[in-house]
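**Student:** Heads up: the sequence lines are chains A and B, in that order. Counting in the numbering used here, the first sequence tops out at residue 817, every number present. Counting in the numbering used here, the second sequence tops out at residue 1566, every number present.
Honestly, the hints are just simulated from the structure, not real lab data. Among the clues, some could well be false.
[To be verified] Below, simulated DSS-like cross-link-like pairs (lysine-lysine); rule was C-alpha separation at most 25 Å, straight line:
no.	chain 1	residue 1	chain 2	residue 2
1	B	Lys1510	A	Lys809
2	B	Lys1466	A	Lys774
3	A	Lys809	A	Lys748
4	A	Lys707	B	Lys1466
[Said to hold, decoys possible] Non-contacting residues of chain A with respect to chain B, defined by C-beta distances greater than 10 Å in every case (computed):
no.	residue
5	Lys748
6	Ser752
7	Pro817
Because the structure is a prediction, the values reported are computed rather than measured. Note that CB positions come from ideal geometry on N, CA and C, so glycine has one too.
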Amino acid sequence: KQEVTQIPAALSVPEGENLVLNCSFTDSAIYNLQWFRQDPGKGLTSLLLIQSSQREQTSGRLNASLDKSSGRSTLYIAASQPGDSATYLCAPRDAGYALNFGKGTSLLVTP
Amino acid sequence: KAGVTQTPRYLIKTRGQQVTLSCSPISGHRSVSWYQQTPGQGLQFLFEYFSETQRNKGNFPGRFSGRQFSNSRSEMNVSTLELGDSALYLCASSLAFGGPEAFFGQGTRLTVV
């Protein structure tokens, strides 16, 4: 069973800082990996999708890397803004095609 | 382009009742997956439907079932509701079975009293 761990569980930073969110998973036989954000009481918004053959993916201020062999992914957020405050979820997709979620990193960016 | 639509947004049910939740995927998407989110267990996979067939199932009791229609819309049913079924139920749509990318709806908040 795929186990996904996200570190840190919570993070509070002043606006403008660059951040790194970490995700580790136990089974490296993944199909792809998605990063999502979730605002309180809302659904999930897809941020980045990394295929298993890719090393990284970028979208605006976001950059995600994937090291499948070591079971790790990181999400880098540049120049953080208060609007980035949310819970960030990492989800590797296993060989059966189900997304496996970590508990998330709760991010608060203060003005 | 419309996103994933889940109805209803909120539900309150009594223990022992049954409930049906609905999910309309993004136009052109043929796969629908369902997830349960609780504070204790986080997000857990329930099942995935593609071309009206259940392709994958998570570790949930048989009280949880689903189906998919020919227009790709999906319904999820929970029978004999328990207090522990209170959760946010999220539906995700993808172009094909297994993705590649999943897009989620806003969820249905189910409260069992």
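**Student:** Compare the structure with each hint and give your call.
**Tutor:** Structure-based check of all given hints:
1. A distance of roughly 21 Å separates the Cα atoms of Lys1510 (chain B) and Lys809 (chain A); the hinted pair therefore holds under the 25 Å criterion.
2. Taking the CA atoms of Lys1466 (chain B) and Lys774 (chain A), the gap is about 43 Å. The hint is violated against a cut of 25 Å.
3. The suggested pairing of Lys809 (chain A) with Lys748 (chain A) holds, with an alpha-carbon distance near 15 Å, which does not exceed 25 Å.
4. Under the criterion of a C-alpha separation no larger than 25 Å, the hint pairing Lys707 (chain A) with Lys1466 (chain B) is inconsistent with the structure, at around 32 Å.
5. Its closest Cβ contact with chain B, about 6 Å, brings Lys748 (chain A) to no more than 10 Å, contrary to its assignment away from the interface.
6. For Ser752 (chain A), the non-interface assignment is contradicted: its Cβ lies about 6 Å from the closest Cβ of chain B, within the 10 Å cut-off.
7. With a closest Cβ-Cβ approach of about 27 Å to chain B, Pro817 (chain A) is found to remain outside the 10 Å limit, as its non-interface label requires.
Comparing the model with each numbered hint stated earlier shows that hints 2, 4, 5 and 6 do not hold.
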